[in-house]
Amino acid sequence: MENEISKLTLVLIFCVSAIIGYFIISGVPSLLHTPLMSGMNALSGITILGALAAFAGTVRSGGRILACTAVLAATVNIVGGFGVTGRMLRMFKNTRGNMSRAGKKAEITNSTE
Amino acid sequence: MIFGSGNLQSIYYVSGGVLSLSVVAGIYLSGKVLHAKTGNMINSGAALIAVILSLAYYGIITSYEIWISLAAGSLLGLMGAIKIRMTEMPQGVAFLNGIGGLASSFVSWVFISGGMSGALSGGTDLFTLYAACAAFCVGVPTFTGSMIAAARLHKLIPQKQLFIKAHKQLSALMYLLTGILFTAIPYYVFTLKQTTAAAGADLPLILMLAALSVTCGMAGILFAIRIGGADMPLCISFLNSLSGVSGGIAGIAAGNILLTAVGGIVGASGLILTRSMCVAMNRRLKEILIPSGPFASLPAPASGSNVSGDMENSSGSRDAQGIISSFDPAAVIRVAKKVIIVPGYGMAQAQAQSLVRELLDKLEQNGAEVIFAIHPVAGRMPGHMNVLLCDADIPYEKLRDMESINPEFKNCDVVIIIGANDVVNPSANTAKGTPIYGMPVLEVTAAKHILICNYDSKPGYAGVDNPLYRMTDKAVLFEGDAKESIGKLIRMLDVNN
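Protein sequences, first through last, are from chains A and B. With the working numbering applied, the first sequence covers -16 to 96. With the working numbering applied, the second sequence covers 9 to 505.
Some hints here could point you the wrong way.
Straight-line C-alpha distance at most 30 angstroms; calculated DSS-like pairs for lysine-lysine [what the hints assert, rightly or not]:
| hint | chain 1 | residue 1 | chain 2 | residue 2 |
| --- | --- | --- | --- | --- |
| 1 | B | K294 | A | K76 |
| 2 | A | K76 | B | K91 |
| 3 | B | K482 | A | K76 |
| 4 | A | K76 | B | K496 |
| 5 | A | K76 | B | K45 |
| 6 | A | K76 | B | K466 |
| 7 | B | K370 | A | K76 |
| 8 | A | K76 | B | K345 |
These are computed hints drawn from the structure, not numbers from a lab.
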């Protein structure tokens, strides 16, 4: 057990990442709220790691079936979520289509602030 | 089964930390319009690496069941992502969110009753069991609530909020039962494991878990059914937050750094969006969580007496085209130099996005500067209207949020409102006691002229009469389908050329 990450550390990680998340997300312009949300939604499919752990750890066949279903559901969530997010973000274009990066920056300061 | 004794375990933990940090970086980039695509790539890459590492770490990289599940899930997810239309994005996100909640609750079920072998992050101690049970209690209502929300957004169930008899009492009962079962189950499992070997399914435990699924699943349903169609941005943001929290707690149970960290971030981001939706819709978070009455209990339109209207009088002066006016809208729109378009959900319902794009082109050909004013709750989820307009090839730098555009209405010649009502209702500033009093709205009355393309002049979702319709000195109402009304505007501009 000494090599194990302690539960208290995990609780701390949860709290700290919630605070970090709060600060990162607060600054996101409302223009991007839908892709942000669907991206977050895709990320929450990372619960697939829990499903893999459950699959590896369980000694019952019922448990394995449940864990596999969880892997399936979480994969749909991840792949579907990142897929739609990417699709949405590709639609965000500005007037001149593919501009140089510097040109884009000038446009952005206008539109998001 | 012993996982990662020694080096492999250290590597797994370190990489968990590194991946968590790259997800933080990815999310940070996702919030910048120029780098959002990169951010999305980083996040999806981190998820992929995490899955591969976990397969190796847990020693299940050769198990075919897992590969079948992964392949089937990827296929379904990919198909959904390609097929979905942009107008369906809210229900799509709600559905995926529910699926994620379902996954989390299955994971916790296995952790509670799957007879976990002890080496998995000390899977038998009381703390882990309570964490798993908590993840279950959050995951199940995320699933049921999201499915209700998705069904409502997909118009499978009525848009109207449902407030059943004894809703409050029933919810309280479900919360209470959930609480009791939540306390009892982990303790039961813990004592069971002390006395007997972990093998063999335990019937009372299965029954208790099933009962818990019912009580917290019902709590989720009761929560979601009393939120009506136009309040969906709130509902989805909140459920999104829940799915993150559920995943995060499951991560604590599974002893997984990345899952815990991502869960925390997603939970926080959902809460931030929920809060900003609350502000934009003039509601309090408490109203959502505690059913004190029908959500958004709206007084009858008549109760806002200081804004009570006389629609009959104003509709008397309409001309042949069915337009109420005291000035010639065609003349105004042709000479306009600065135009602000205010799109609302009515535009999306009428599928008029591409016509709006046409209108934009015509106005610009005419020498006008055109920008769009996007209210935070225009649409069915946060930021939905931006996506719909971008889908119609409208450049994103023309889309402006409420705070930045409100000062500009006074310099604007014409405001064109398309299918929006409550978010432009000036009563929000004056009509005390109505549901929209104090709600931030787009200050369209500052503009010189207002053209309204709404289906009718009835009050909007909030049930408050909109005095804009009676400002006949500056406002014109084009009643009927948004597509036809915008068509009229386009023809007015055509005549000029």
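Now the hints, each set against the structure:
Under the criterion of a C-alpha separation no larger than 30 angstroms, the hint pairing K294(B) with K76(A) is inconsistent with the structure, at around 38 angstroms. For the hint pairing K76(A) with K91(B), the CA-to-CA distance comes to about 21 angstroms; that is within 30 angstroms, so the pair holds. Distance restraint check for K482(B) and K76(A): the Cα-Cα separation of roughly 34 angstroms exceeds the 30 angstroms cut-off, and the hinted pair is therefore not satisfied. Proximity of K76(A) to K496(B) is assessed by CA-CA distance (about 28 angstroms); at most 30 angstroms being required, the pair is judged to hold.
A distance of roughly 12 angstroms separates the Cα atoms of K76(A) and K45(B); the hinted pair therefore holds under the 30 angstroms criterion. Simply put, K76(A) and K466(B) have alpha-carbon atoms about 36 angstroms apart, too far for the 30 angstroms limit, and the pair is violated. Annotation: proposed proximity of K370(B) to K76(A) holds, straight-line Cα distance about 20 angstroms (limit 30 angstroms). Proximity of K76(A) to K345(B) is assessed by CA-CA distance (about 24 angstroms); at most 30 angstroms being required, the pair is judged to hold.
Consistency with the previously given hints fails for numbers 1, 3 and 6, ordered from lowest to highest.
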